[in-house]
Amino acid sequence: MNILVLGTGCAKCKSLEKITREVVAEMDLDAEVTKVEDIVEIMSFGVMTTPALVVDGKVVVKGRIPDKNELRHMLTK
Amino acid sequence: MKRLIRQKKTIWVIAGLLIVWALVYDYLEPLTNYLTYNLFGLEQGKRLTEAIRFFVFEFPKVLLLLTLIVFFVGIIRTFFSPERTRRALAGKTTFAGNVMASLLGIVTPFCSCSAIPLFLGFVEAGVPLGITFSFLIASPMINEIAVILLFGMFGWKVAVTYVVTGLVIAITAGWIIGRLHLEKWVEEWVYKTKMGDASDTEEKLSFSDRIPFGITAVKEIVGKVWIYVALGIAVGAGVHGYVPENFMAALMGKSAWYSVPLSILIGVPLYSNAARIIPIVSVLIEKGASLGTALAFMMAVIGLSLPEMIILRKVLKLPLIFTFVGIVSFGIMIVGFLFNLIF
Numbered sequence: 001m002n003i004l005v006l007g008t009g010c011a012k013c014k015s016l017e018k019i020t021r022e023v024v025a026e027m028d029l030d031a032e033v034t035k036v037e038d039i040v041e042i043m044s045f046g047v048m049t050t051p052a053l054v055v056d057g058k059v060v061v062k063g064r065i066p067d068k069n070e071l072r073h074m075l076t077k
Numbered sequence: 001m002k003r004l005i006r007q008k009k010t011i012w013v014i015a016g017l018l019i020v021w022a023l024v025y026d027y028l029e030p031l032t033n034y035l036t037y038n039l040f041g042l043e044q045g046k047r048l049t050e051a052i053r054f055f056v057f058e059f060p061k062v063l064l065l066l067t068l069i070v071f072f073v074g075i076i077r078t079f080f081s082p083e084r085t086r087r088a089l090a091g092k093t094t095f096a097g098n099v100m101a102s103l104l105g106i107v108t109p110f111c112s113c114s115a116i117p118l119f120l121g122f123v124e125a126g127v128p129l130g131i132t133f134s135f136l137i138a139s140p141m142i143n144e145i146a147v148i149l150l151f152g153m154f155g156w157k158v159a160v161t162y163v164v165t166g167l168v169i170a171i172t173a174g175w176i177i178g179r180l181h182l183e184k185w186v187e188e189w190v191y192k193t194k195m196g197d198a199s200d201t202e203e204k205l206s207f208s209d210r211i212p213f214g215i216t217a218v219k220e221i222v223g224k225v226w227i228y229v230a231l232g233i234a235v236g237a238g239v240h241g242y243v244p245e246n247f248m249a250a251l252m253g254k255s256a257w258y259s260v261p262l263s264i265l266i267g268v269p270l271y272s273n274a275a276r277i278i279p280i281v282s283v284l285i286e287k288g289a290s291l292g293t294a295l296a297f298m299m300a301v302i303g304l305s306l307p308e309m310i311i312l313r314k315v316l317k318l319p320l321i322f323t324f325v326g327i328v329s330f331g332i333m334i335v336g337f338l339f340n341l342i343f
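First to last, the sequence lines map onto chains A and R. The first sequence begins at 1 in the working numbering and counts up one residue at a time. The second sequence begins at 1 in the working numbering and counts up one residue at a time.
What the hints contain is simulated information worked out from the structure, not anything from laboratory work. Glycine included, every Cβ here is placed at the ideal spot set by N, Cα and C. Mixed in with the good hints there might be a few duds.
Claimed, not checked - With the Cβ distance kept under 8 Å, some of the chain A side facing chain R (calculated, not the full set):
1. I39
2. S44
3. M48
4. T49
5. T50
6. G63
Hey, can you work out the whole structure from these sequences and the hints?
Here is the structure:
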């Protein structure tokens, strides 16, 4: 699984990255989590509100931080 | 099924809380009086007593209003994402587009850290530069926190005035920037940005799905802002009885014509949010600052800020930033003078 955390470095983006990594570790997923900070690259996903989460090329959440339960759900699909 | 029951429960809890809210708000004044005079046993009419009473009354009042509005605005905002606003504004012509952008600026969630993606997204969608600016001016300046604090501390007239004049500034300033055709002062790379399409990721939500967004907004915003409101009102309460009435009159009163441009000059580089600045402004007004001057100061602080300009420098060349700040400051100045004249 390929997970991207999109965010320019705001506080919310950092906390999304943190809980994503935590959930991946908890669920023992075979996933690579990468932080994308380049604004042009972020825009290429059609995202205008950070933070956003991209799982296998698909934007699953943007503009907010999901709670861990929701996140687990998003990563099992 | 389980989810449905939980949702129903949430709606009932919210309804119950609303009733409690209305009751507390309604009985706040007698409650405050009882608390200060009877329970604390403070002597009526004394300076210290009145200062304490002021705080015990104002702080919960403003906090109650804030919680309620932030909750509903949190829900309303789920209907307006920047992505949707961008689609709505694409291909709009001037003026009507400026009006629409300014109005959408009020309801679309915005923080200065997302100014760049917003700007890029708008330009890429073909939203004209002037219309983009109308949005960029209205969005930070007019927001629910500013409106509710103004309402709580000065009444609805001042709150409405602030919103209307803020809108007029955003519309006209954006319109002027559009007419000046300043596209050449936008960094070239901006026009090369390609934006992907994420319209299929738009979340479909039922109304009860949106309630948690209201709750999150309350936790996030009220949780962050309450301390500033408390501090501001505490300062206000302290100053209330002790600092002479017209302490600020010479510097920020009506008679001093230079007070409006001066307070804008001080206000523009300052960066603060509505929650921090409005309690301070209320102290200024109480101590003799005129409404127009105070309003201009507030708009300059909330609407224009150095950090935002530095962020925008990534996409705008310096002359355009100066033009933008110049036009908006000029608009704020007119508002300041006008209000000093009328009120």
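Against the structure, the hints come out as follows:
1. Of the supplied interface hints, the one on A:I39 holds, with its beta-carbon coming within about 6 Å of a beta-carbon of chain R, less than 8 Å.
2. Hint status for A:S44: holds, given a least beta-carbon distance of 5 Å to chain R, under 8 Å.
3. Look at A:M48: its Cβ gets to within about 4 Å of chain R, closer than 8 Å, so that hint holds up.
4. Because the closest C-beta pair between A:T49 and chain R is about 5 Å apart, less than 8 Å, the hint holds.
5. The criterion of a C-beta within 8 Å of any C-beta in chain R is met by A:T50, whose closest approach is roughly 6 Å, and the hint holds.
6. The closest approach between the C-beta of A:G63 and any C-beta of chain R is roughly 7 Å, which is under the 8 Å cut-off, so the hint is satisfied.
When the structure is compared with the earlier hints, no violation turns up for any of them.
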